[in-house]
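Starting from the structure of chain A, add chains B and C with the ligands where the hints point.
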Amino acid sequence: MEYEPVIGLEVHVQLKTETKMFTRAPYHYGAEPNTLTDPVVLGMPGTLPVMNKKAVEMTIKAGLLLGCKIPETSKWDRKNYFYPDMPKNYQISQFDQPICDGGEVEIEMEGASRNIMGEHRKVQLTRIHLEEDVGKLTHCENESLVDYNRAGAPLVEIVSEPDLYSADEAFAYLTALRNCLVAAGISECDMEKGQMRCDANVSIRPKGTHELGTKVEIKNLNTISGVRNGIIYEIQRQTLAMENNQPIVQETRRWNAEEAYTTSMRSKEMAHDYRYFPDPDLMPVRVSKEWLNEVARDIPELPFDKQRRFFNDYDLPYTLTSVLCPDAKLAAYFEEALTIYKKPKQIANFIANDLLRELSAAGEHGALPLESCKIKPAHIAELVQFIDKGEISNQIAKEVFPEMFRTGNPPGQIIEEKGLKQSTDTGELEAVCLEVIAENPKPVQEFKEGKEAAINALKGQVMKATRGKANPKLVDDLLRQLLS
Amino acid sequence: MSDEIYYKTATELRSLLDEKQISSVELIQAVIDRTHAVDSKINAYLDTNENQALAMAQASDERRASGQTRGPLDGIPVSVKDLIVEKGKKARCASRILENFTSPYDATAIINLHNAGAIPWGRVNMDEFAMGSSTETSYFKKTVNPWDLERIPGGSSGGSAACVAAGETILSLGSDTGGSIRQPAALCGVIGMKPTYGTVSRHGLIAFASSLDQIGPFSRCVEDSAMLFDAISGHDPLDSTSYAGEIPKCADALRTKKGPWKLGIPKEYFPDTLDPEIHAAIKSAIESYREKGCEIVEVELPHTDLAIPVYYIIATAEASSNLSRYDGIRYTHRSDETSNALDIYFKSRGEGFGEEVKRRICLGSFVLSSGYYDAYYLRAQKVRNLIRKDFQEAFKKVDALLTPTSPTPAFKFGERSDDPITMYLSDIFTINVNLAGFPALSLPCGLTSGNLPIGLQIIGQPLKEDDLFAIAHSHEEAHDYCKLHPCI
Amino acid sequence: MSERNNIDIDYVANLARLELTADEKAKFSGQLEDILKYFDKLNTIDVSGEEPMAHPFPVFNVLGEDKPSATLSQEDALANAPKQRNQQLVVPKVVE
Ligand SMILES: [Mg+2]
Ligand SMILES: [Zn+2]
Chain A
1 MEYEPVIGLE VHVQLKTETK MFTRAPYHYG AEPNTLTDPV VLGMPGTLPV
51 MNKKAVEMTI KAGLLLGCKI PETSKWDRKN YFYPDMPKNY QISQFDQPIC
101 DGGEVEIEME GASRNIMGEH RKVQLTRIHL EEDVGKLTHC ENESLVDYNR
151 AGAPLVEIVS EPDLYSADEA FAYLTALRNC LVAAGISECD MEKGQMRCDA
201 NVSIRPKGTH ELGTKVEIKN LNTISGVRNG IIYEIQRQTL AMENNQPIVQ
251 ETRRWNAEEA YTTSMRSKEM AHDYRYFPDP DLMPVRVSKE WLNEVARDIP
301 ELPFDKQRRF FNDYDLPYTL TSVLCPDAKL AAYFEEALTI YKKPKQIANF
351 IANDLLRELS AAGEHGALPL ESCKIKPAHI AELVQFIDKG EISNQIAKEV
401 FPEMFRTGNP PGQIIEEKGL KQSTDTGELE AVCLEVIAEN PKPVQEFKEG
451 KEAAINALKG QVMKATRGKA NPKLVDDLLR QLLS
Chain B
1 MSDEIYYKTA TELRSLLDEK QISSVELIQA VIDRTHAVDS KINAYLDTNE
51 NQALAMAQAS DERRASGQTR GPLDGIPVSV KDLIVEKGKK ARCASRILEN
101 FTSPYDATAI INLHNAGAIP WGRVNMDEFA MGSSTETSYF KKTVNPWDLE
151 RIPGGSSGGS AACVAAGETI LSLGSDTGGS IRQPAALCGV IGMKPTYGTV
201 SRHGLIAFAS SLDQIGPFSR CVEDSAMLFD AISGHDPLDS TSYAGEIPKC
251 ADALRTKKGP WKLGIPKEYF PDTLDPEIHA AIKSAIESYR EKGCEIVEVE
301 LPHTDLAIPV YYIIATAEAS SNLSRYDGIR YTHRSDETSN ALDIYFKSRG
351 EGFGEEVKRR ICLGSFVLSS GYYDAYYLRA QKVRNLIRKD FQEAFKKVDA
401 LLTPTSPTPA FKFGERSDDP ITMYLSDIFT INVNLAGFPA LSLPCGLTSG
451 NLPIGLQIIG QPLKEDDLFA IAHSHEEAHD YCKLHPCI
Chain C
1 MSERNNIDID YVANLARLEL TADEKAKFSG QLEDILKYFD KLNTIDVSGE
51 EPMAHPFPVF NVLGEDKPSA TLSQEDALAN APKQRNQQLV VPKVVE
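So the protein lines, in turn, are chains A, B and C. Going by our numbering, the first residue of the first sequence is number 1, and it counts up by one from there. Going by our numbering, the first residue of the second sequence is number 1, and it counts up by one from there. Going by our numbering, the first residue of the third sequence is number 1, and it counts up by one from there.
The following block holds chain A by itself, in its conformation from the complex (with noise of 0.2 Å):
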């Protein structure tokens, strides 16, 4: 028999706020532990948590971007368990009123080949809440050690539906949210510095029936690729036990990405009695129509809706697209260009290609952040200017670029500095083509008796000859007129 996988996953998110959900010390990664904490971080008695109004309108954001009803009241619950990592052994979250209901998270499948665009297909949400995070365990040999910098973090949760079908839809769910997160500003959703994190549940049954199996819940799913290895490992295991009439057991299991497998973590049996009830020390959230839309505002396009626009308007080409639109920091950098001087594929192509070959080739970790890149919108769009005036060859403008990106200076300064323009001199430029003519007697004779192809080896001894400042056209005329 043929079974198919059902998957929903639960995505934590870490909001870009200055501060925490319920206080205000700062929160940033990578610093000293235990320097971000304050009495309200640490639980300590006698605190009392205050809501952050950005985070809350960051998750209404979140809401409306996805296509989320947001409900006119939301309220929060302690959610109540024991462990090292949360001060007060609670978590202030909410469970049965979240800000957001329901939405959905459109996903592109791979396509054929790079160069083919693949299905598209909308994932259904369940519901995004806001919470706050816990602490951070660093487990040594006989002990632990705690450091609450990140506790109290604003996190969201966003949980789909069980509407993902194979591991690589969830690898593309993932990417199609953090494309949408990181263009509206509500999150860096840098898995590695967890603040995406996610947690996945899975089940299978026979293909072509539509009740849904015994799910698993799989956790410490810390890395993109560990989502898909633990995807793929679970439907297997999940399948093996099927076919071998073993019974699939509800339970929690964890990824082990070292060595590739999921463990029992615990049973359904032993799953914690949260006891959930409404935070007697918060007071509830109520959206009226004037915030919503004052949050609206400040809704951008989302990167799938940009790459139709972009095949509308521009014209580009599929991989060009796919380039630029989910980093919505880099789309916006080609349509600036684009205002100075409108040549969408040779901008793009200078973004897609040179300059993220340049901000690859310059970090020190990854590649260098746009922001950091010295090079300005408009500066591409004068380089291709100037090869559209003939001023420069496509050869020269690939010699300029490197040297923007180094100084940040305008082309038109590197051209002139460097004495880069294409000679425009009828007379030098015929002397030079003589020359030619006279050392090459071989492809002469050869475009004299037909063969049009041998111009261009003349055409490459002149261009050598000029260091490829001549203006190849001029130089075919040129050639030609010698030659007739």
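If you're looking for bench data, these hints aren't it; they were derived computationally from the structure. Any given hint could be a false lead.
[What the hints assert, rightly or not] Under the rule of at most 25 Å between Cα atoms (straight-line distance), these lysine-lysine pairs were calculated in the DSS-like manner: (1) A:421 x A:473; (2) A:122 x A:69; (3) B:142 x C:41; (4) C:27 x A:136; (5) B:389 x C:41; (6) C:27 x A:193; (7) B:90 x C:83; (8) B:87 x C:67; (9) C:83 x B:87; (10) A:345 x A:376; (11) A:398 x A:459; (12) B:382 x A:79; (13) A:54 x A:289; (14) A:345 x A:473; (15) A:136 x A:343; (16) A:398 x A:473; (17) A:442 x A:374; (18) A:16 x A:69; (19) A:136 x C:83; (20) C:93 x A:79; (21) C:27 x B:412.
The following block gives chains B and C with the ligands in isolation, referenced to the frame of chain A:
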């Protein structure tokens, strides 16, 4: 007027200080000396900070000399219930589990005291985590009732009530979750007031039951209470449940608000089981209001008898969660006998909490547990709404309600320790007010034949503390119960 | 409610991470059952259609601006800790 400095009221002392008849340093010294003389019997204090208090008194005297006085409480000593945190001081909630905890921050109420020039000078005993009605559940000591050393002072703010009654301070701050200010005030013959929920910040008040807890004043006269309430009340952005509108200024209102008022008598508060001497004392208080021209009407609070179950479900549920943070990991007692992380929880909490706290944590965890939430917690929240509606309905007809504060006078040590339900019934007349969120105070209104104080409870309307104090003040003016002191 | 008046004290104590002695367990079970019986009073009235009351005076949107305020020093943050090393709290190894 008493001759001893330590038995004067803040209102009296303010004039003496202003007229330079005494200094704040002398006042603090008198209170320290009195405490040294009697606290070995009363056992109200857990900690005192005498040197710091004298330095603060010195500073207060200097302010007064240079005309920079911060208000009527400048230079007046205030004791603080052990669950209101002060920076650099131990805050133990009378619990072994917080034995070694020193707070790194001040409660908003403490900051407000400093701003008023008042001198928080010692930390007083209470029931462990405010769970109790007799102060017997304290891990550290048993505070006694200054009127009868064999009897309990009431609770949970028993230390506050006892030290005010015994002249070991002028004022005190307590907290009231189900009667924890009013009941010990009644049993010790002082004034104790629970403000409208949200008028005094809970920031820095170690939580028992968050939706019920309020900090409030203890004093030996109504005006003192009003002044202390004025000092500690106000909006606090650090407490999301803090009231953001205007809160009445009460001390001045005592002279402007003179009645007559319409006063309600809820018949549910006069059951057959009510102590006859208490019944008589309350009746005579009612009569004296009537004689002053107040209209007395009978009102109904039909859901009164449901308050105990509602209260014990909501309070223990909230407490079971609030007290989870005391786990042996960050700042609390950690058991020596731990071999793994789970042990730290079980053993530290098992050793650190006393019996009553454990009993309530168990009850609270149970009512929230899977399958029981709707039947207990959710249902209790709905009935709580009905109880509040009872009050709202009654207050359409009256300005305040008059009731006994406690169904009995102070009982003997150990009398109710092993019978939780009887102990819980001690709060039968006070907890409704916390459930509804209304303000109320307890005022001395007589002594039993055994020379034990009796308290009259006046329940006011939300955010009408000015009327509440004025009504109490008018009774105080006509009688001298507030001027009675125990012989220790 | 009345049919559920027997409280599983082991389950509850485990939820609350509370070590109880055998005596405490026996005593609490009895007392808590009495208390629950007393709670049965709540079933004598109809609460359908009644709103649950979470706060005495409900307001909405008590929000703080996202502006950083003071932090505790590392030293103060750990001052009350029973055990610490490398500026972190130490607990026996946590497995789950
Ligand atoms: Mg979850
Ligand atoms: Zn979560």
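Here is how each hint holds up against the structure:
{"no.": "1", "hint": "A:421 x A:473", "verdict": "holds, 14 Å"}
{"no.": "2", "hint": "A:122 x A:69", "verdict": "holds, 16 Å"}
{"no.": "3", "hint": "B:142 x C:41", "verdict": "violated, 34 Å"}
{"no.": "4", "hint": "C:27 x A:136", "verdict": "violated, 40 Å"}
{"no.": "5", "hint": "B:389 x C:41", "verdict": "holds, 19 Å"}
{"no.": "6", "hint": "C:27 x A:193", "verdict": "violated, 50 Å"}
{"no.": "7", "hint": "B:90 x C:83", "verdict": "holds, 19 Å"}
{"no.": "8", "hint": "B:87 x C:67", "verdict": "holds, 24 Å"}
{"no.": "9", "hint": "C:83 x B:87", "verdict": "holds, 22 Å"}
{"no.": "10", "hint": "A:345 x A:376", "verdict": "holds, 18 Å"}
{"no.": "11", "hint": "A:398 x A:459", "verdict": "holds, 19 Å"}
{"no.": "12", "hint": "B:382 x A:79", "verdict": "holds, 21 Å"}
{"no.": "13", "hint": "A:54 x A:289", "verdict": "holds, 17 Å"}
{"no.": "14", "hint": "A:345 x A:473", "verdict": "holds, 22 Å"}
{"no.": "15", "hint": "A:136 x A:343", "verdict": "violated, 50 Å"}
{"no.": "16", "hint": "A:398 x A:473", "verdict": "holds, 19 Å"}
{"no.": "17", "hint": "A:442 x A:374", "verdict": "violated, 48 Å"}
{"no.": "18", "hint": "A:16 x A:69", "verdict": "holds, 22 Å"}
{"no.": "19", "hint": "A:136 x C:83", "verdict": "holds, 17 Å"}
{"no.": "20", "hint": "C:93 x A:79", "verdict": "holds, 24 Å"}
{"no.": "21", "hint": "C:27 x B:412", "verdict": "holds, 23 Å"}
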